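**Q** If you're matching them up, the sequences are chains A and B in order. Heads up: the first sequence runs through residues 1 to 412, numbered per the UniProt record's numbering. Heads up: the second sequence runs through residues 1 to 586, numbered per the UniProt record's numbering.
Please note: incorrect hints may appear among the correct ones.
Stated by the list, open to error - Here are the simulated DSS-like pairs of lysine-lysine, each with C-alpha atoms no more than 27 Å apart in a straight line:
| # | chain 1 | residue 1 | chain 2 | residue 2 |
| --- | --- | --- | --- | --- |
| 1 | B | LYS180 | A | LYS118 |
| 2 | B | LYS450 | A | LYS287 |
| 3 | A | LYS123 | B | LYS210 |
| 4 | A | LYS352 | A | LYS284 |
| 5 | B | LYS180 | A | LYS61 |
| 6 | A | LYS118 | B | LYS206 |
| 7 | B | LYS539 | B | LYS462 |
| 8 | A | LYS60 | B | LYS125 |
| 9 | A | LYS131 | B | LYS462 |
| 10 | B | LYS125 | A | LYS64 |
| 11 | B | LYS241 | B | LYS206 |
| 12 | A | LYS98 | B | LYS210 |
| 13 | A | LYS60 | B | LYS180 |
| 14 | B | LYS206 | A | LYS122 |
| 15 | A | LYS306 | B | LYS462 |
| 16 | A | LYS98 | B | LYS241 |
| 17 | A | LYS328 | B | LYS450 |
| 18 | A | LYS110 | A | LYS123 |
| 19 | A | LYS359 | A | LYS337 |
| 20 | B | LYS450 | A | LYS284 |
| 21 | B | LYS539 | A | LYS284 |
Said to hold, decoys possible - Derived contacts from chain A toward chain B, CB cut-off under 8 Å, selection only:
| # | residue |
| --- | --- |
| 22 | ALA58 |
| 23 | LYS60 |
| 24 | VAL62 |
| 25 | MET63 |
| 26 | ARG87 |
| 27 | THR89 |
| 28 | TRP93 |
| 29 | ALA96 |
| 30 | ALA184 |
| 31 | VAL309 |
What the hints assert, rightly or not - A few chain B residues that don't get close to chain A, going by computed Cβ distances all over 10 Å:
| # | residue |
| --- | --- |
| 32 | GLU130 |
| 33 | PHE145 |
| 34 | PHE473 |
Simulated from the structure, these hints should not be mistaken for laboratory data. For clarity, every value in this text was computed on a predicted model and none was experimentally measured. Ideal placement from N, C-alpha and C gives every residue a C-beta, glycine not left out.
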Amino acid sequence: MQSANMLLKKIVRSSVLPFAAQHGVKKDLFPLSRTLNLSLCMKQDNSCSPSEKLDLDAWKKVMKSGLQEVNETVSECKEPATLAAARETLEMWRLAGKSVPENITEEQLKTFIECTSKSAQKKYLRYLHLKELHKKNDKRKMEEKRERRLEAQEQASETGVTKKNSFICLWANSMDKVCNWRAAQSMVFGQPLVFDMSFEKDMSLREVTNTVRQIVLSESTNRRSTDPFHIHFCNFKDNSLYHKEFIKHYRGAWDKLLITVTDQCYTEVFPKEKLIYLTADSPKVMKTFDHNKIYIVGSMVDRNIKTGVSLARAKRLGLETAALPLEKYLLWNTGAKNLTLDQMMHILLTLKDTGDWKKALEFVPKRKYCGFVNKPVHELKKTLSLINTLKLGKRQEEVREQFAKNYSKKQT
Amino acid sequence: MALFSQTSLHGFQALLWKCRMLSPISGCPQLFAVSFSIPSREKFNCFSFMTSSSAALPVGPKGAGVVPSKKRSEIDYEEKAWDKKAKEVSEGKPHSSSSVTAPKKELLTHALLKHQFTSVQPPEKPLQAEEWNRLREGFQSPEVFEEVMLNSMVKHNSPIDVAKSLLTYVAKSYGDIEYKLLVKYLVLCVQQRQASEILDVHDIMKGRFKILESGAYSLIIRGLSNSDQWRMALTILEEVKKITIPSRTHYESCIKAASRHQEMNLAFELYHEMLANNLVPTLDVLQAFFDFSRGMKGAELQKELFGVLLYLRDNQLYPHKTFMQSIKLWFESIPEGNWRGHLTNIKESGQCPVCNHQLEDSSLTEEEYNNLREKIIRDVIHGTDTFRKTSPQEFEAFQKFVENRLPFDIVIDGLNVSHINAKKMQCENLFNAVNYLAKKNTRLLVLGRKHMLINSSNWKRKIMEEMQTKAHFFFAENISEDDAFLLYATLRSGKHCKFVTRDFLRDHKACLSDSPTRHLFRKWQRGCQIAFSPSAEGKHIHFLPALRYDCVVQTTGDTWHIPYKDFFEEKYSYQVPRKWLCIQQK
Numbered sequence: 001m002q003s004a005n006m007l008l009k010k011i012v013r014s015s016v017l018p019f020a021a022q023h024g025v026k027k028d029l030f031p032l033s034r035t036l037n038l039s040l041c042m043k044q045d046n047s048c049s050p051s052e053k054l055d056l057d058a059w060k061k062v063m064k065s066g067l068q069e070v071n072e073t074v075s076e077c078k079e080p081a082t083l084a085a086a087r088e089t090l091e092m093w094r095l096a097g098k099s100v101p102e103n104i105t106e107e108q109l110k111t112f113i114e115c116t117s118k119s120a121q122k123k124y125l126r127y128l129h130l131k132e133l134h135k136k137n138d139k140r141k142m143e144e145k146r147e148r149r150l151e152a153q154e155q156a157s158e159t160g161v162t163k164k165n166s167f168i169c170l171w172a173n174s175m176d177k178v179c180n181w182r183a184a185q186s187m188v189f190g191q192p193l194v195f196d197m198s199f200e201k202d203m204s205l206r207e208v209t210n211t212v213r214q215i216v217l218s219e220s221t222n223r224r225s226t227d228p229f230h231i232h233f234c235n236f237k238d239n240s241l242y243h244k245e246f247i248k249h250y251r252g253a254w255d256k257l258l259i260t261v262t263d264q265c266y267t268e269v270f271p272k273e274k275l276i277y278l279t280a281d282s283p284k285v286m287k288t289f290d291h292n293k294i295y296i297v298g299s300m301v302d303r304n305i306k307t308g309v310s311l312a313r314a315k316r317l318g319l320e321t322a323a324l325p326l327e328k329y330l331l332w333n334t335g336a337k338n339l340t341l342d343q344m345m346h347i348l349l350t351l352k353d354t355g356d357w358k359k360a361l362e363f364v365p366k367r368k369y370c371g372f373v374n375k376p377v378h379e380l381k382k383t384l385s386l387i388n389t390l391k392l393g394k395r396q397e398e399v400r401e402q403f404a405k406n407y408s409k410k411q412t
Numbered sequence: 001m002a003l004f005s006q007t008s009l010h011g012f013q014a015l016l017w018k019c020r021m022l023s024p025i026s027g028c029p030q031l032f033a034v035s036f037s038i039p040s041r042e043k044f045n046c047f048s049f050m051t052s053s054s055a056a057l058p059v060g061p062k063g064a065g066v067v068p069s070k071k072r073s074e075i076d077y078e079e080k081a082w083d084k085k086a087k088e089v090s091e092g093k094p095h096s097s098s099s100v101t102a103p104k105k106e107l108l109t110h111a112l113l114k115h116q117f118t119s120v121q122p123p124e125k126p127l128q129a130e131e132w133n134r135l136r137e138g139f140q141s142p143e144v145f146e147e148v149m150l151n152s153m154v155k156h157n158s159p160i161d162v163a164k165s166l167l168t169y170v171a172k173s174y175g176d177i178e179y180k181l182l183v184k185y186l187v188l189c190v191q192q193r194q195a196s197e198i199l200d201v202h203d204i205m206k207g208r209f210k211i212l213e214s215g216a217y218s219l220i221i222r223g224l225s226n227s228d229q230w231r232m233a234l235t236i237l238e239e240v241k242k243i244t245i246p247s248r249t250h251y252e253s254c255i256k257a258a259s260r261h262q263e264m265n266l267a268f269e270l271y272h273e274m275l276a277n278n279l280v281p282t283l284d285v286l287q288a289f290f291d292f293s294r295g296m297k298g299a300e301l302q303k304e305l306f307g308v309l310l311y312l313r314d315n316q317l318y319p320h321k322t323f324m325q326s327i328k329l330w331f332e333s334i335p336e337g338n339w340r341g342h343l344t345n346i347k348e349s350g351q352c353p354v355c356n357h358q359l360e361d362s363s364l365t366e367e368e369y370n371n372l373r374e375k376i377i378r379d380v381i382h383g384t385d386t387f388r389k390t391s392p393q394e395f396e397a398f399q400k401f402v403e404n405r406l407p408f409d410i411v412i413d414g415l416n417v418s419h420i421n422a423k424k425m426q427c428e429n430l431f432n433a434v435n436y437l438a439k440k441n442t443r444l445l446v447l448g449r450k451h452m453l454i455n456s457s458n459w460k461r462k463i464m465e466e467m468q469t470k471a472h473f474f475f476a477e478n479i480s481e482d483d484a485f486l487l488y489a490t491l492r493s494g495k496h497c498k499f500v501t502r503d504f505l506r507d508h509k510a511c512l513s514d515s516p517t518r519h520l521f522r523k524w525q526r527g528c529q530i531a532f533s534p535s536a537e538g539k540h541i542h543f544l545p546a547l548r549y550d551c552v553v554q555t556t557g558d559t560w561h562i563p564y565k566d567f568f569e570e571k572y573s574y575q576v577p578r579k580w581l582c583i584q585q586k
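Kindly produce the complete structure, drawing on both the sequences and the hints.
**A** Below you can see the structure in the form of C-alpha cells.
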C-alpha cells in the first residue's frame with residue numbers, strides 16, 4: 001500500500017509539468033488581456049515560475065510536518081470501542097461544520113448509537129447542538145446580568161440612599177404561601193380537572209418529556225390563578241416514564257405538590273355522567289363551560305398527529321366528548337387544532353373565571369388564526385382572501401377550499 | 001385584536017406604505033406584514049416574510065413594525081442590494097440586530113455563507129500571502145473569509161492553483177488547515193477531476209485525522225471513480241467499510257466506475273453487497289448496468305441483468321424513458337439473441353398488440369388474498385385501538401351483516417359517490433350511481449353513515465327508501481371510518497368483487513406494516529377499484545373499469561413486457577404507467 005502510494009505520488013509529480021505547460025498555452029490564448037494589463041502580467045509570469053509552483057504545495061508540507069504534534073493528542077480510551085468510534089465520528093462531523101454538540105455525555109452517545117436511522121441520528125444531534133447553544137447563551141446572559149447588578153450596587157452605595165419600607169422583602173416566599181393556601185383550598189372545594197396519563201405507550205421518549213414539561217407549566221399556572229382547579233393525575237403508574245420525568249422536574253417538591261395523583265381510572269374516581277373528555281377530534285363542540293362537570297385532558301404530545309387516539313379512549317369508556325369551538329370564534333388560518341396542555345390550562349382557567357370565549361381563546365397561538373370572528377362570514381371571507389393574495393406561497397384554491405370546509409353549512 | 005380589513009387592495013397597500021414610512025397611524029391596530037409588490041417600485045419587496053407567524057404584527061407607538069430580528073437582519077442584506085431610490089425609504093429603519101440570539105446567529109452564518117456572500121469574486125490568479133491578507137482584512141466578517149472564498153471558488157470553478165495559494169496562505173498563517181476547508185478544496189478537485197490532488201488530500205487527511213466523515217469519503221470516492229485511478233476508489237470503499245456501512249452514493253460511484261471499465265463481475269459483486277446491506281440502489285445504477293454491458297456476451301451476465309429486471313418487478317418500480325431505452329438497446333445488442341423491442345400501449349383486455357401475448361392477470365392468489373385480508377383486519381381496522389376507527393360491537397355487527405348477505409359483486413362507498421356532483425342533492429347522486437350499477441343484475445352493498453337516514457335537504461327519506469330496495473345498505477356510526485368496512489366487505493366477498501370509490505386509499509395503505517403487504521394492497525386495489533368521474537354535462541357518471549392485467553415488469557422467457565414512465569419524476573403510488581416496452585425473441 002505504502003509503496004504504491006509513493007509510486008503514485010511520483011507519477012503525479014511528473015504530471016505537474018505538462019499541466020503547467022498547458023496552463024501557459026492557455027494564457028497565450030488571450031493576448032488581449034496581456035496587452036491590457038501588461039505590468040500585472042509580468043508579475044503573473046514571474047509567479048508561474050517553477051519556484052513559485054512549489055510554493056503552491058507548501059500547505060501540504062505544513063500539514064504533514066504538523067502530524068507528529070497532532071498524534072500526541074490521543075483521546076483517553078476509557079470507553080468501549082463502539083462508543084469511542086462514535087465519538088470520533090461526531091468530532092469529524094463537527095469539524096466538517098455540521099450541527100453537532102461540542103461535548104456529549106456517555107448517555108447521549110448511547111442514545112445516538114441506538115438511533116434507528118441516519119436521519120434520526122442527525123435530528124438528535126441537531127437537537128443536542130441547539131440545546132448546547134441555548135445553555136451557553138443563558139450562561140452568558142446571566143453573567144452580563146450579574147455584572148450589571150454589581151455596577152448598579154456600586155452606584156447605589158456611592159449615593160448612599162436607603163429607602164424606608166414597611167414591608168420586609170419576602171415576596172416570592174409569601175406569594176408561594178398564598179398560592180399554596182389557595183391550592184389547598186381547591187383540593188377541598190375546587191372543581192376537579194383530570195389529566196389522563198394513559199398515553200405513555202403512544203409516545204416516544206422525547207414526546208413524554210415534552211408532555212411533562214407542559215404539565216409542569218400548567219400546574220404552575222393553575223397554582224397562581226385566583227381560583228385554581230383541583231388537579232388529578234389519573235391512570236398514573238409509579239415508576240413510569242412520566243413519573244421519572246416529573247421527579248426530574250420537581251425533585252423534592254413532587255411529594256409536596258397539592259394535586260391528587262392516582263393509578264385509578266377517572267371513571268372509578270368520578271361518576272361517569274359528569275365526565276367530559278376534551279379532544280380536538282370530537283364531533284361535539286363545547287358551547288359553555290360547565291362548573292359542575294369534570295373535564296379530562298389527555299396528557300399527550302403527538303408530534304406527528306395521531307388522529308383519534310384520545311377520542312378512542314373516550315369511546316371505549318363511553319364518555320361524553322367535546323372540542324373547543326375554535327372554528328366558531330376564530331378565523332382559523334394554519335396549524336393543527338390540537339393545543340398544548342398549558343394553553344388548554346390557560347383557556348380553561350379563563351373560562352372558569354369569566355366565561356368569556358374571546359378572552360379565553362387569546363391563549364391560542366397567534367400564528368394559528370387571523371382574528372376573531374365578529375362579522376358575517378362573507379365579509380371575513382373577503383378579508384381572508386385579501387390577506388392570502390398578499391401573502392406569498394399560499395395557493396388561492398387551497399385557501400378557498402379550506403374556508404369552504406371550515407365554514408360550510410354545518411350538516412346535521 | 002380586531003381584524004383590520006380594507007376593501008380595496010390599493011388602499012391597503014397605501015396604508016402599508018405609510019407604515020413603512022414610519023408615520024404613526026392611530027386607529028390602525030394591525031399591520032399585516034405580508035409581502036406585496038407595489039407596481040411603481042418593483043424593487044420594494046422587503047416584506048417578503050414567508051412565514052405565517054408574522055401574519056399580524058402589532059404596530060407600536062414608534063410605528064416600526066416589530067420585526068423578528070432574524071428576519072430584520074435578512075432584510076438588511078437585501079437592503080444593500082437595493083438601488084438608491086429604495087434606500088431613502090429604509091433610512092428610518094433600525095439597523096440593530098443585537099437581539100439575535102446565538103443559535104439564530106449560528107443559523108444566520110449559514111444563511112450568510114449561502115446567499116449574502118455569493119457576490120464575492122474569487123481572484124483569477126494565485127495570490128501571495130500578503131495579498132490574501134489584504135483581502136481578508138477588507139472582508140466584512142474575517143472569521144469566515146476562507147470558507148466563503150472557497151465556496152465562491154467552487155461556484156465559479158476557479159483554477160485549482162488559486163485555491164492552493166489560499167490554502168498555503170492559511171497554512172502559513174495558522175500552521176494548520178481546518179477540516180472544513182480541506183473538504184471544500186476536495187469539492188473543487190472533484191469538480192475539476194484532479195485525481196492526483198484528491199489522492200494527496202486524502203493522504204493528508206488520513207495522516208492528520210484518525211477517521212474521516214462520510215461527506216469527505218463520498219467526495220473522494222466520487223472524484224476517484226471518475227478518473228483513471230478508479231481502483232483507488234475501491235480501496236477507499238474498503239476503508240469506509242471498516243468504520244460504517246457505506247452509503248448508497250459510495251456504492252453508486254464505485255459500481256458506475258466498474259461498469260464503465262467493463263468490469264461487470266466486480267460491479268455486480270458490489271451491487272449484491274449493497275442489497276445485502278438493505279440499501280436501495282438508484283435507478284441510475286441499474287441503468288448503468290444495461291448501458292455498459294451492451295453487446296457483451298455471457299450467460300452469467302444475462303442472468304444478472306434479468307435479475308435486475310426482476311428486482312424492478314418485486315419492488316414495483318417503473319423505469320423512466322431513458323432507462324427503458326437502455327434496456328431495449330441492451331436486449332437488441334445481445335449477440336445471437338434475436339431480441340426485438342417495440343413501444344406499445346396495452347389494450348383494455350390486457351393483450352399486447354405487438355406480440356398478442358396476454359399479460360398477467362391482476363387477481364391475487366388465494367393465499368395472498370387471505371394474507372391481505374388478515375393484515376387489513378389487523379392493521380387497518382383494529383390498528384392500535386379498535387375504537388379509533390370503529391368499535392368492537394359495530395365491527396362485529398358489520399361482520400354478521402356481511403356474512404348473512406354474501407357474496408356481493410360491487411361494494412359502494414356511498415358518501416364518496418354522493419359528492420360527485422355538487423349541483424345535485426347528495427342522495428340523487430347516489431341514486432343515479434346505484435341505478436346504473438344495479439341494472440346489470442349485480443348484488444350491491446352501499447356503505448354509509450347514520451346521518452344519511454335522517455331526513456334533511458341532502459338526504460330525502462323517500463329516495464333513500466327506494467334505493468334500499470335495489471341494494472343492501474349498511475350505516476356506520478357518524479364518527480366511524482366507513483372505508484375500512486369497504487375494504488373488509490370487498491375482500492370477504494371474493495375475487496370477483498369490485499369496489500367503487502374515488503378515494504386513493506393512501507391512508508389505509510400507510511397503516512399496513514410492511515412493504516410487501518403494501519405492494520399487495522396496491523395490486524389488489526388496481527384490480528378491484530372502479531373509479532368514476534362525472535360526465536361533461538354532469539348528467540350521469542362515467543365508471544372506469546378496473547384494470548384486468550397486472551402492471552409490473554413481467555416475462556415468459558421469450559418475451560418481456562416492461563411498463564415505463566415518461567419522465568423521471570416520481571408519480572403517485574396509485575397511478576400506473578400506461579406505456580409499455582414489449583420485447584420478444586424471434
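**Q** Hint compliance check: list the failing hint numbers for this structure, sorted ascending.
**A** Hints 9, 15, 21, 26, 30 contradicted; others consistent.
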